Each structure stands twice: as structure tokens, then as C-alpha cells.
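Engineer: The sequence shown lines up with residues 1 to 105 when you count with the numbering used here.
Please note that the accuracy of each hint is not assured.
Said to hold, decoys possible - Have a look at the derived ranges for each label pair, beta carbon to beta carbon:
{"#": "1", "residue 1": "Ile54", "residue 2": "Ile7", "range": "46 to 54 Å"}
{"#": "2", "residue 1": "Leu49", "residue 2": "Phe4", "range": "43 to 51 Å"}
{"#": "3", "residue 1": "Lys9", "residue 2": "Val58", "range": "51 to 59 Å"}
What the hints assert, rightly or not - Mimicking DSS-like on lysine-lysine, the simulated pairs with C-alpha atoms at most 30 Å apart in a straight line are:
{"#": "4", "residue 1": "Lys9", "residue 2": "Lys46"}
{"#": "5", "residue 1": "Lys50", "residue 2": "Lys92"}
{"#": "6", "residue 1": "Lys46", "residue 2": "Lys62"}
{"#": "7", "residue 1": "Lys40", "residue 2": "Lys81"}
{"#": "8", "residue 1": "Lys50", "residue 2": "Lys9"}
{"#": "9", "residue 1": "Lys53", "residue 2": "Lys23"}
{"#": "10", "residue 1": "Lys23", "residue 2": "Lys81"}
{"#": "11", "residue 1": "Lys81", "residue 2": "Lys50"}
{"#": "12", "residue 1": "Lys46", "residue 2": "Lys23"}
Derived by calculation from the structure, the hints in this document are not laboratory data.
Note that the structure is predicted; figures quoted are calculated from it, not measured.
From the three backbone atoms N, C-alpha and C, an ideal C-beta is built for every residue, glycine too.
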Amino acid sequence: MQNFGNIMKQAQQMQARMAEVQKQLEVLEIEGNSGGGMVKVILSGKGDLKSIKIDPSVLDPKEADILEDLITAAFNDAKKKVEEASNAAMSKATGGMGLPPGLGF
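Between the sequences and the hints, there should be enough to build the whole structure, so can you do that?
Structural biologist: Take a look at the structure:
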């Protein structure tokens, strides 16, 4: 039964590390951009939209579709970076041990 006790202790330690990583991700801010930096999107480490910055040079009402595309591209860039940061943080917290399907954060 000593092995089971050790496994439980390790699981509790991993759970504590994962909770700490979740707290860190909440305050993390990740920037995505498009159009050479003309549109910037800031997301939290959890993927929540924090802010959007738009260069005035792309605010032409006749070209709204271009601005929409730039915002979408910047958001997708930031979201990809959030996922990479989250995966790296969780991998570090779990010691590289993969989580079972459905338990991802």
C-alpha cells in the first residue's frame, strides 16, 4: 500500500501545480497581430479578449471587410499563442506526463 500512498501524494502535488498554472494563465496577457502590427489583439492566458488596438490608417469605411479580416487574423494569432503557452505550462506542471483525453485545460 505504500505505492498507492505515494501515487496519491504525487497526484495531489500535480493537482496543486496545475491549480497554480491556471492562476498564472488568468493573469497572462498574450498579443496577436496582423497587417504588420496594424491590428493588435490582447487575450488572457485563458483566451478571453482583453483589448483590441487598431492603427487609424486602416479605419476606412469603404474597406471595412479588410479591417474585419485583420481583426480575425490578429485574434487567431493570439489564440494560437494562448494555446501554445497553456500547453507548455501544463506540460511543465505535469512533468511532461500527458493528461487523459477530456482533462485538458
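Engineer: Is the hinted pair Lys46 and Lys62 satisfied, with a Cα-Cα distance of at most 30 Å?
Structural biologist: violated (34 Å)
Engineer: Could you say whether the range 46 to 54 Å given as a hint is met by the Cβ separation of Ile54 and Ile7?
Structural biologist: Holds - the Cβ-Cβ distance for Ile54 and Ile7, about 52 Å, lies within 46 to 54 Å.
Engineer: Lys50 and Lys92 were given as a pair; does the straight-line alpha-carbon distance stay at or below 30 Å?
Structural biologist: holds (26 Å)
Engineer: Taking only the CA atoms, is the gap from Lys81 to Lys50 under or equal to 30 Å?
Structural biologist: Judged against 30 Å, a Cα distance of about 15 Å means the pair holds.
Engineer: Check whether the Cα positions of Lys40 and Lys81 lie no farther apart than 30 Å.
Structural biologist: holds (13 Å)
Engineer: Range first: 43 to 51 Å. Now tell me if the beta carbons of Leu49 and Phe4 are that far apart.
Structural biologist: holds (44 Å)
Engineer: When you check the alpha-carbon spacing of Lys23 and Lys81, does it fall within 30 Å?
Structural biologist: holds (17 Å)
Engineer: Check whether the Cα positions of Lys50 and Lys9 lie no farther apart than 30 Å.
Structural biologist: violated (37 Å)
Engineer: For the pair supplied as a hint, Lys46 and Lys23, is the alpha-carbon distance within the 30 Å limit?
Structural biologist: Between Lys46 and Lys23 the Cα gap is close to 10 Å, so the pair holds against 30 Å.
Engineer: Is 51 to 59 Å a correct range for the gap between the Cβ atoms of Lys9 and Val58?
Structural biologist: About 55 Å separates the Cβ atoms of Lys9 and Val58, which means 51 to 59 Å holds.
Engineer: Lys9 and Lys46: Cα distance at most 30 Å?
Structural biologist: Since the Cα atoms of Lys9 and Lys46 sit roughly 28 Å apart, the hinted pair holds (cutoff 30 Å).
Engineer: Keeping to a limit of 30 Å between CA atoms, is the pair of Lys53 and Lys23 held or broken?
Structural biologist: With a Cα-Cα distance of about 26 Å, the restraint between Lys53 and Lys23 holds, given a limit of 30 Å.
Of the numbered hints given earlier, the model fails hints 6, 8; all others are met.
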